[in-house]
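**Q** What follows is the residue order along each chain.
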Amino acid sequence: MMIQTIATAQSIAQAEALILAGADRLVVGEATYGLRQRGGWSLDEVREVTALAHHYGKEVTVAVNNLMHNDQIASLPDYLSALKTMGVDSVTAGDPGAISLIRKANIPYWYDAQTLVTSARQIQFWAKREAIGAVVARELTLIELKQIQRQLGLPIEVHVYGPTCIHHSKRPLVTNYFNELGRNESGEMREYYISEPNDETSRYPIYEDANGTHVFSEDLTLMAQLPELFRNELHTWKLDGWHAGERFVEIVALFSQARSHLLNAKFDRIEMERRLAELQPEPFRLGTGLLLRNPEEIK
Amino acid sequence: MRKRPELLAPAGNLEKLKMAIRYGADAVYIGGQQFGLRSRAGNFSYEEMQEGIAFAHAHAAKVYVAANMVTHEGDIEGAGTFFTTLRDIGIDAVIVSDPAMIEVCLSEAPGLPVHLSTQASATNYETLRFWKEEGLERIVLAREVSMEEIREMKRHVDVEIETFVHGAMCISYSGRCTLSNHMALRDANRGGCAQSCRWKYGFFEADELLTPAMEARDEEPFSMSSVDLSMVRHIPDLVEAGVDSLKVEGRMKSIHYVATVCNVYRQVIDAYCDNPDTFVFDPAWEEEIWKAAQRELATGFYYGIPTEKEQLFGQRRAIPQYAFAARVIAYDEASKTATLEQRNHFRCGEEVEFFGPGFTRFTQRIEDMWDVEGNRIETAHQAMMTVRIVVDHPVDVDFIMRKRKVMAKEAVPLKT
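From first to last, the protein sequence lines are chains A and B.
In terms of my numbering, the first sequence is residues 1 to 299.
In terms of my numbering, the second sequence is residues 1001 to 1416.
Note that these hints are calculated values from the structure, not bench results.
A portion of the hints provided could be inaccurate.
Pairwise CB distance ranges, derived in the manner of DEER restraints [to be verified]:
no.	chain 1	residue 1	chain 2	residue 2	range
1	A	E297	B	S1107	29 to 35 Å
2	B	S1107	A	E130	15 to 21 Å
3	B	L1185	A	I12	37 to 43 Å
4	A	D78	B	D1282	31 to 37 Å
Keep in mind that this is a model prediction, so the values were computed, not measured.
In this text, a Cβ means the ideal position worked out from N, Cα and C, and glycines have one as well.
I would like the entire structure built from these sequences, with the hints used as guidance.
**A** Rendered as structure tokens:
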């Protein structure tokens, strides 16, 4: 099986650069139906990026993974029908109501209920309901990822680079905080960070948008574990460019190179880790989150 | 007359189950020894469940079991047996969020009704329709759903809707927060939540990223701590929206909390449903609710997106706290003597309150007190000791005697 590299894209220009850097599939979307899509992709832009990706023989996935409220679900069929018409390759979705509508629209979907996707049996539930793959919880350990993939006939997406969302509130928590401080300003759509009480050097991105507030983990990476993923049929690699900025294209290129080195049996872990560390934007730490923990450690 | 919604109360143990029902709950939800989300709440063995079911059914009440863990590999082992056992001993429904668990329950324990847990964040009518068609009987909505959205859901789908009306809330969409996993190695979706949202965090703007720390920054730390929910003043709206079950949070809360909250909501629901046209909210109901409150109270997302006023920051108003002092275990009408089982220290000369099912309540000064041998005593200092006092008004078995605690600031959970 081929290794597929997936990257989030924020603009048409970046999308093309990501494809040239080796991304096989781009994830785009906007805030009504998708979660944490920086690009705020309009339907016209989705049409353009889909044509572009298809020109290069690559794919586009649109994030439809929001928790839909009534008004969003009411307008979703029109959105889906537009996506279908422009030939989008797949969508991600975790809301069962949205999934029903996606199946009616006959668009392939990746099951993506974020933190809740934690077992093969759960993914099989959705596979029986036409899911083509699953975006699994980033709280799973590598041991669990291997156990899950072994039981499935469809791919699970492994997060190999970038931050992941670890808290989604519908409340405007940054704006509320500013109001509490008497700072008369909105906290929406701007870059802020929080640090953990007992770890002053930690920097967790916190972002407020129309869907509320999102707290992200620190940057996760499985660069060093790519050979292990490769050996264990974990062949769908996701890179999230949340705050990697300009560097993100170079980081995607590095993972593409790592992939080809793996296929040619000349992967040099130390070298690849060193180069990734060089590209990692300051002051964000690069870690492995819960990925290398023993599942027993997490109570 | 209106159709009465069910009043659904938490029951952390058998005693709380009985008291919740005595104080007006139509149904209770409990945890089993597996598959729950409250590893620290008292959880029921099958034998205790059977006793609880017998008591509940004798009082025309129902018992639900929360099995809302989001399972990882291996966790689901034994779930089929668990569900069939629950069905066979007479549990009225299970509350589940994980589709894998739902599938096991529906396929291996047919006949056991399944309710979708709030943990699955059901927020729209298509999701309700999906789960109804899969065979679920009831949906517990996400706490982010507004009153208007509930009305809209009821117009689209005919399935039972349960909503939270009282208690503590996640500030995130339930299930969509893993702060605790990442910061404390405790899985929020498997019963380990460390309440990391309520911690105090440093806050940085993009150009301050290299700023060393919080120290010396003379400002309020960032926090994501929600006040508690109370819909006590809005029961008519919930009834008119067609909500089928009104849920009170708090399987870890005290008997005093469960009894007080059930007692009040029972009154409000009955008062409105019996006479919707002449219903007037009695301020005494709200006054009573505050006696079981640990934080400020608000209406969550029912009427809008919560602002900073619905979050806890810095200096907090101290809310008078009441303790469960004793439970009445016998009453002699001739001598007006109540026999009490002690739960918290009290003494002669103290002013206490008695309350019982049906919203009976009165203030009492403890004049004289006797132990079981009839010796006059000054203090009831020993846990579970039996004492007698004379009361000014009649009481009954299971009345609760509460006393006001010394004012204390609300506890902020510390990082563990």
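**Q** Using the Cβ atoms, figure out if D78 (chain A) sits within 31 to 37 Å of D1282 (chain B).
**A** violated (48 Å)
**Q** Are S1107 (chain B) and E130 (chain A) spaced within 15 to 21 Å by their CB atoms?
**A** holds (19 Å)
**Q** Take a look at whether the Cβ-Cβ distance between E297 (chain A) and S1107 (chain B) falls inside 29 to 35 Å.
**A** Between E297 (chain A) and S1107 (chain B), where Cβ atoms are some 32 Å apart, the hint holds.
**Q** When you take the CB atoms of L1185 (chain B) and I12 (chain A), is the distance between them in 37 to 43 Å?
**A** Given about 41 Å between the Cβ atoms, the range holds.
When each numbered hint is compared with the structure, a violation occurs for hint 4 only.
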